[in-house]
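**Q** Could you put the whole structure together from the sequences, leaning on the hints where they help?
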Amino acid sequence: MKRISLIAPEGEFSIVNLDLSRQLFQWVNDNSPTAIFDIEIIGLSPEVKPTGQIYSVKTDRLVHEVRQTDVVIIPATFGNPEEVLKMNQELVPWIMKQYNSGADLVSMCVGAFFLGSMGLLDGKRCSTHWASVNDFKQLYPHAILEDERIVSESDRIFTSGGALAFTNLLIYLMERYAGREIAIMAAKAYMIDIDRVSQSPFAVFTGLKTHQDNEVLKAQEFIESHFQEKFTVDEICKEVGLGRRSFERRFKNSTANTMLEYLQRVRIEAAKKELEHGMKTISQVMYDVGYADTKAFRDVFKRLVGMTPIEYKNRYNKEAATY
0 MKRISLIAPE GEFSIVNLDL SRQLFQWVND NSPTAIFDIE IIGLSPEVKP TGQIYSVKTD
60 RLVHEVRQTD VVIIPATFGN PEEVLKMNQE LVPWIMKQYN SGADLVSMCV GAFFLGSMGL
120 LDGKRCSTHW ASVNDFKQLY PHAILEDERI VSESDRIFTS GGALAFTNLL IYLMERYAGR
180 EIAIMAAKAY MIDIDRVSQS PFAVFTGLKT HQDNEVLKAQ EFIESHFQEK FTVDEICKEV
240 GLGRRSFERR FKNSTANTML EYLQRVRIEA AKKELEHGMK TISQVMYDVG YADTKAFRDV
300 FKRLVGMTPI EYKNRYNKEA ATY
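Residues in the sequence shown are numbered consecutively from 0, following numbering that gives the first Met the number 0.
Think of the hints as simulated: they come from the structure by calculation, not from any bench.
A few of these clues could be false.
Lysine to any residue pairs mimicking SDA-like chemistry, simulated, CA-CA at most 25 Å apart [unchecked claim]:
1. K294 with G305
2. K48 with L61
3. K279 with F226
4. K208 with S224
5. K85 with V56
Per label pair, the in silico range of CB-to-CB distance [claimed, not checked]:
6. G51 with N313: 32 to 40 Å
7. Y189 with G242: 54 to 62 Å
8. R244 with S282: 16 to 24 Å
9. M0 with N313: 37 to 45 Å
10. I143 with D233: 31 to 39 Å
11. D287 with R314: 29 to 37 Å
12. N79 with Y189: 30 to 38 Å
13. L259 with K317: 49 to 57 Å
14. L259 with D18: 39 to 47 Å
15. F221 with I53: 43 to 51 Å
Since this is a predicted model, take the numbers as computed values, not measurements.
We treat Cβ as the ideally placed atom computed from N, Cα and C, and that holds for glycine.
**A** This is the structure in structure tokens:
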């Protein structure tokens, strides 16, 4: 029997991650000839109340009572990662011991920050919520972040993308531990899209403006106001009063994108919004956002969003879907 340890950490965390994980693993037990999983919620105290929430979680056992487990699941934790780690310092040696003894480690959504602050993601492929990608990269530069992935796996460490992407991770684990047939049955029972591999369609490009470089901010504002037009890097440099080499270096350092990449993201975000509403054709949207080449628009859109423009429109434009 596979032993599953769901951690209820101190501080603010996702009760939904714990509750639905327990439900899904129990569903597999209930729909199998014999129970496959031994599921427990464990923590540092008998009852854990997440910060700011009205509900509390009763643990089945305390961490120090669990000598060995097969799977450790860490829910999304919220707040300053170093403070979260400090509040849960007693968990660290236990988690390390389990991992070194062969247990799989699983984190959900921004729970990856907890593993990152432990140093466990250095040199490993991982995922987290798309909105936290830039913060994650700054805090854990040695991790190999697959920011578009719903599920990442590396050296027995499993991580998921944002929000409800953790359900895809659970199905992935069920297939690994109990077989594809029961995993598909669970996905159908809980209406989980088992074939979804990318969180890119859900990402919203917000401009990456948390830095303090005023010239770069000015350049970003110019791009966002003129993205439908044609302009060159040299014209941007003139606009913000910087030499080209200095501008390109500072822009990349501040936004984690080249100017061309940033322009592409702004244009594609505008295209997504147009495709979500109204009845414009793909070609009309393409021209609206500054593209003249259908193939170039389609290729960039698919690379950044994970699906073609027509696939995106069909999925997210209810008005168009009725025709």
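**Q** Next step is simple, just say for each hint if it's right about the structure.
**A** Hint check results:
A distance of roughly 15 Å separates the Cα atoms of K294 and G305; the hinted pair therefore holds under the 25 Å criterion. A C-alpha spacing of about 15 Å is found between K48 and L61, which places the hinted pair at or below 25 Å, so the restraint holds. Under the criterion of a C-alpha separation no larger than 25 Å, the hint pairing K279 with F226 is consistent with the structure, at around 19 Å. Restraint check for K208 and S224: the C-alpha separation of about 15 Å stays at or below 25 Å, so the hint holds.
Using a Cα cut-off of 25 Å, the hinted pair K85 and V56 holds, with the two alpha carbons roughly 20 Å apart. Between G51 and N313 the beta carbons are some 39 Å apart, a value that agrees with the proposed interval 32 to 40 Å. The beta-carbon spacing between Y189 and G242, approximately 56 Å, falls within the hinted interval of 54 to 62 Å. Under the hint 16 to 24 Å, the C-beta atoms of R244 and S282, about 38 Å apart, miss the expected range.
Restraint check, M0 to N313: a C-beta distance of roughly 44 Å satisfies the suggested window 37 to 45 Å. Checked against the given bound of 31 to 39 Å, the beta carbons of I143 and D233, roughly 35 Å apart, stay inside it. At about 20 Å, the beta-carbon gap between D287 and R314 misses the expected band of 29 to 37 Å. Checked against the hint of 30 to 38 Å, the pair N79 and Y189 passes, with Cβ atoms roughly 33 Å apart.
Remark: the range hint 49 to 57 Å for L259 to K317 is contradicted by a beta-carbon distance near 33 Å. Judged by the Cβ atoms, the range 39 to 47 Å given for L259 and D18 holds: they are separated by roughly 44 Å. For F221 and I53, the hinted distance range of 43 to 51 Å is satisfied, since their beta carbons lie about 46 Å from each other.
Hint violations for this structure: numbers 8, 11 and 13, all remaining hints satisfied.
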